[in-house]
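Residue numbers (my numbering): 1 to 265.
Worth double-checking, as some hints may not be accurate.
[To be verified] The list that follows gives simulated cross-link-like pairs (lysine-lysine, DSSO-like), each with its CA atoms no further than 27 Å apart: (1) 11 with 91; (2) 24 with 11; (3) 69 with 11; (4) 29 with 11; (5) 24 with 112; (6) 157 with 69; (7) 29 with 91; (8) 61 with 157; (9) 157 with 112; (10) 91 with 69; (11) 11 with 61.
[Unchecked claim] Each pair of labels, with its calculated beta carbon distance range: (12) 125 with 60: 24 to 32 Å; (13) 46 with 182: 22 to 30 Å; (14) 182 with 113: 28 to 36 Å.
In short, the hints are calculated from the structure, not lab data. C-beta: ideal position from N, C-alpha, C; glycine also.
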Amino acid sequence: MALLCRSTSKKSMGPGNINPHLLKRCAAKLATPLTQLCRECLTSQTWPALWKQARVVAVHKRGSRTNPKNYRPIPLLSVVGKTLEILITRKVTAFLDADHLNYRQFGFRSDKSAIDLLLLSFTEWNIAIDSGREVFIVYLDIAGALDWLWHKGVTAKVRSLGVCGGLLHLLEDCLHGRTLHTVVNGHSSSQHPVNASVPQGSVLGPLQWCQRHTATGPRGSGVCRRMHPHLHLRQEPPPGHSGQDQCCPAKQCILQQALANNSRS
């Protein structure tokens, strides 16, 4: 009930047309049935089909309104489904933060920011230069990175991080069978399957992205970091060191998922 009372009533309605304001005002009456519904999802390891649907609305950004590129697609999801997402995200995040996520993972993590990344990197660069070593900096921009995240890859990574049992199967089912449809001026398109990407607009999405890429920066003498969303840094190991190229995981990820790259150096 506390979660419903703290919910934001200004959010838009998603599939199911349940107004968030209703959940907040009727929290005392709805808390018990919603708790039973969430427990049933965990027991059956099934994510309801309605919660897998995304209603996409186009918000004008700038320029001509006749150019589709001047609109930002906003996916709206079930507000009831997001309630369960919040509960799962809290538990999984607490588990992963207990030394299960790579300490060099800076993206989508609380108490970590771009400033932390830059301060740490700047310090290590100065130390490397002062000791006569070379420093290489490479920026990789993966076009449509969030749209092409491999679902089976996410599930495999979550399993490798220690999430198992019914929760693992529920998270796997959450990704499978997702669809979206676009609504313009009250007219809706047909449902289109979503076979890749994290559920954008969801609470679980950032966590799933973070899980999938947490191994990008392995512990070692070289340095390779991940920052929201496309920053990789590499520092050459000492002369004579036999360590492997620390940027290989990022390269493998790009090749395996067949993503388009826009490189900047």
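Take a quick look at whether residue 11 and residue 61 sit within 27 Å of each other, Cα to Cα.
19 Å, holds
Between residue 29 and residue 11, does the CA-CA distance stay at or below 27 Å?
Roughly 21 Å separates the two Cα atoms, so the pair holds.
Within 27 Å, alpha carbon to alpha carbon, are residue 24 and residue 11?
OK: residue 24 and residue 11 at ~12 Å, within 27 Å.
The hint says 28 to 36 Å between residue 182 and residue 113; measuring C-beta to C-beta, is that right?
Distance hint for residue 182, residue 113 holds at roughly 34 Å.
With the threshold set at 27 Å, check whether the alpha-carbon distance from residue 24 to residue 112 stays at or below it.
Distance ~31 Å between residue 24 and residue 112 Cα, so the pair is violated.
Is residue 29 close enough to residue 91, meaning Cα to Cα at most 27 Å?
The hint holds at about 25 Å.
Could you grab the alpha-carbon distance between residue 157 and residue 112 and see if it respects the 27 Å cut-off?
21 Å, holds
Given a hint of 22 to 30 Å, does the C-beta separation of residue 46 and residue 182 actually sit inside it?
26 Å, holds
Check whether the Cα positions of residue 69 and residue 11 lie no farther apart than 27 Å.
25 Å, holds
27 Å Cα cutoff - pair residue 157, residue 69:
The given pair, whose Cα atoms are some 34 Å apart, is violated under the 27 Å limit.
Take a quick look at whether residue 61 and residue 157 sit within 27 Å of each other, Cα to Cα.
Violated: residue 61 and residue 157 sit about 36 Å apart, past 27 Å.
Hint check: residue 11 vs residue 91, CA-CA at most 27 Å. Holds or violated?
Holds. Residue 11 to residue 91 sits at ~24 Å (cutoff 27 Å).
When the structure is compared with the earlier hints, violations turn up for hints 5, 6, 8, 10 and 12 and for no others.
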